[in-house]
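Given these sequences and hints, build the entire structure.
Taken in order, the sequence shown gives residues 1 to 431; the numbers are from the UniProt record's numbering.
Keep in mind that the hints were calculated from the coordinates and are not lab data. Take the hints with a grain of salt, since some may be wrong.
[Stated by the list, open to error] Simulated pairs of lysine-lysine, BS3-like, Cα-Cα distance not exceeding 27 Å:
hint, residue 1, residue 2
1, K181, K163
2, K320, K333
3, K299, K320
4, K348, K292
5, K163, K418
6, K299, K230
7, K163, K333
8, K163, K299
9, K146, K230
10, K418, K348
11, K430, K148
12, K430, K230
13, K181, K148
14, K430, K418
15, K381, K333
16, K348, K320
17, K292, K320
18, K181, K230
19, K163, K148
20, K163, K348
21, K430, K146
22, K381, K320
23, K348, K333
24, K181, K430
25, K146, K181
26, K230, K163
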Amino acid sequence: MKNGNTGKQDAPVEIDAVQGLKTGGADLIGIASNTLNSLADTMERKAGLPVPWHLFQGDHLEVAGPNNGPLRRNFLHEKLDQKKGRGELMPSTRKYLMITMLFFCCSQAWSDDTLQYLRLGDFQLEQGGVIRDCLLGYRTSGTLNKEKSNAILVPTWLAGTSKELIDLNFIGPGMAFDSTKYFIIAVDAFGNGISSSPSNSEAQPRDAFPVFGIRDLVRAQQVLVSRHLKIPRLRAVAGISMGAMTTLQWMVSYPDLMDMVIAVSGNPRLTSYEMLYWSAQLGVLEQVGACKGSETAMKTLAPLHVLQAWPSDYRNTRTKPEGFPAFLADQQKNLSAYNAADWAAQLKAILLHDVFQGPDIDREQLRKTICARLLVLISPKDQMVLSEETLAFAQLLGARTVELDGTCGHFAFLCDQKRLAQEIHEFLAKG
Numbered sequence: 001m002k003n004g005n006t007g008k009q010d011a012p013v014e015i016d017a018v019q020g021l022k023t024g025g026a027d028l029i030g031i032a033s034n035t036l037n038s039l040a041d042t043m044e045r046k047a048g049l050p051v052p053w054h055l056f057q058g059d060h061l062e063v064a065g066p067n068n069g070p071l072r073r074n075f076l077h078e079k080l081d082q083k084k085g086r087g088e089l090m091p092s093t094r095k096y097l098m099i100t101m102l103f104f105c106c107s108q109a110w111s112d113d114t115l116q117y118l119r120l121g122d123f124q125l126e127q128g129g130v131i132r133d134c135l136l137g138y139r140t141s142g143t144l145n146k147e148k149s150n151a152i153l154v155p156t157w158l159a160g161t162s163k164e165l166i167d168l169n170f171i172g173p174g175m176a177f178d179s180t181k182y183f184i185i186a187v188d189a190f191g192n193g194i195s196s197s198p199s200n201s202e203a204q205p206r207d208a209f210p211v212f213g214i215r216d217l218v219r220a221q222q223v224l225v226s227r228h229l230k231i232p233r234l235r236a237v238a239g240i241s242m243g244a245m246t247t248l249q250w251m252v253s254y255p256d257l258m259d260m261v262i263a264v265s266g267n268p269r270l271t272s273y274e275m276l277y278w279s280a281q282l283g284v285l286e287q288v289g290a291c292k293g294s295e296t297a298m299k300t301l302a303p304l305h306v307l308q309a310w311p312s313d314y315r316n317t318r319t320k321p322e323g324f325p326a327f328l329a330d331q332q333k334n335l336s337a338y339n340a341a342d343w344a345a346q347l348k349a350i351l352l353h354d355v356f357q358g359p360d361i362d363r364e365q366l367r368k369t370i371c372a373r374l375l376v377l378i379s380p381k382d383q384m385v386l387s388e389e390t391l392a393f394a395q396l397l398g399a400r401t402v403e404l405d406g407t408c409g410h411f412a413f414l415c416d417q418k419r420l421a422q423e424i425h426e427f428l429a430k431g
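Listed below in structure tokens is the structure:
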């Protein structure tokens with residue numbers, strides 16, 4: 001997992017999640033840049049029209065990345081480098097063009113899967129800490145309808161990113177989360193190296209990064225949906241693995257803000273067995289990481305993580321003893337790309353996860369409070385996220401439950417992806 005761009009730039013214009021438009025950030029300019037990018041794509045690739053890049057020469061239309069770095073620098077600057085010598089419009093003309101772009105992008109939901117950031121300022125956490133200069137990454141796919149009634153929020157899984165949700169074909173035309181019918185908001189969790197994380201925070205790097213929980217993720221995402229995107233009610237909240245934990249917490253924290261909930265291979269709280277497993281992972285990362293660094297810690301973690309990912313018969317069938325050294329080396333190489341401090345931060349959030357936790361939370365009261373329809377998809381051989389608590393929660397709410405192909409264990413959502421998409425499509429279509 002790679003961290004965001006850490007380059008410096010002049011302070012742009014920002015939309016603060018609480019205070020509104022002010023000087024010193026990048027959201028409004030980011031909207032304009034994303035719109036220009038989409039227009040350029042339409043003009044150059046779809047309509048075959050030349051893009052007048054010289055109009056933008058000298059302007060800074062960058063989306064702020066982590067640490068105030070320019071996220072979309074290549075978009076304009078590389079184009080400008082290629083188009084030098086075409087002249088430059090007067091500042092007033094460029095300003096007029098910018099206003100036109102902003103007016104255009106605000107008149108409809110424009111989406112090209114571009115990574116965007118919402119600045120949350122200093123974000124207070126449930127455990128008492130504060131994420132300084134908090135950033136929340138997200139991508140959108142599809143078109144928001146006039147009524148703003150077709151939005152689906154999709155949180156990320158452990159160490160996953162919004163880009164992976166798209167690249168692995170969970171989001172897109174005809175996919176499980178169909179961008180031809182719905183406006184999909186894929187949101188990056190804290191600690192994934194995209195949103196604020198131990199690996200990309202200048203103010204709170206590595207161990208200085210505060211402990212956050214699943215409820216903190218949900219509160220930040222609610223700010224994105226309700227205040228920033230101004231969507232009054234979601235068609236659905238849907239997630240996989242840790243994303244499903246986040247989804248179920250949404251159902252409890254904001255029961256009136258969605259019509260439907262889809263939880264895939266996730267649970268409302270951990271069993272003691274799961275607590276043991278995740279604690280073992282955290283212990284490896286904290287002990288090895290402190291002495292030998294992130295890469296060695298992640299390589300050490302690999303056998304433990306992979307042990308629970310697939311059932312024993314699946315692994316024995318696909319990996320013969322003589323092929324084990326190559327298999328393990330490959331898994332260690334894959335996991336070593338992730339940052340140990342980021343992974344550990346999200347493990348702590350998982351270990352804190354319990355939708356029933358709180359002074360006013362009661363199972364019977366929850367049953368009466370929750371109005372959203374729930375679809376639960378599980379894998380019977382999942383050893384990483386057990387189905388015991390999930391099935392009990394589904395029964396409490398009278399939810400539909402579906403068993404995916406258990407052969408792949410926790411990763412049934414990948415092995416049985418066609419069935420997963422079919423079930424989600426049918427569930428969403430029923431309204």
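Hint consistency between K381 and K333 [alpha-carbon to alpha-carbon, up to 27 Å] = holds, 26 Å
request  = Could you grab the alpha-carbon distance between K146 and K230 and see if it respects the 27 Å cut-off?
outcome  = holds, 12 Å
ask   = Is K163 close enough to K418, meaning Cα to Cα at most 27 Å?
value = The given pair, whose Cα atoms are some 20 Å apart, holds under the 27 Å limit.
query = Going straight from one Cα to the other, do K348 and K333 come out at no more than 27 Å?
reply = This hinted pair holds, its Cα atoms lying about 24 Å apart.
key: Straight-line alpha-carbon gap K430 to K230, limit 27 Å   = Since the Cα atoms of K430 and K230 sit roughly 25 Å apart, the hinted pair holds (cutoff 27 Å).
query = K181 and K163: Cα distance at most 27 Å?
reply = Roughly 20 Å separates the two Cα atoms, so the pair holds.
ask   = Hey, K430 versus K146, does the alpha-carbon distance stay inside 27 Å?
value = Judged against 27 Å, a Cα distance of about 21 Å means the pair holds.
inquiry  = With the threshold set at 27 Å, check whether the alpha-carbon distance from K348 to K320 stays at or below it.
reply    = violated, 34 Å
inquiry  = Need the status of pair K320, K333: alpha-carbon distance at most 27 Å?
reply    = holds, 19 Å
Pairwise hint evaluation, K181 against K146, where the allowed Cα distance is 27 Å at most = holds, 13 Å
message = Run the distance test for K430 versus K418: straight-line Cα separation, threshold 27 Å.
response = Holds, at about 19 Å.
ask   = If you draw a straight line from the CA of K163 to the CA of K148, is it 27 Å or shorter?
value = holds, 24 Å
When each numbered hint is compared with the structure, violations occur for hints 6, 10, 16 and 17.
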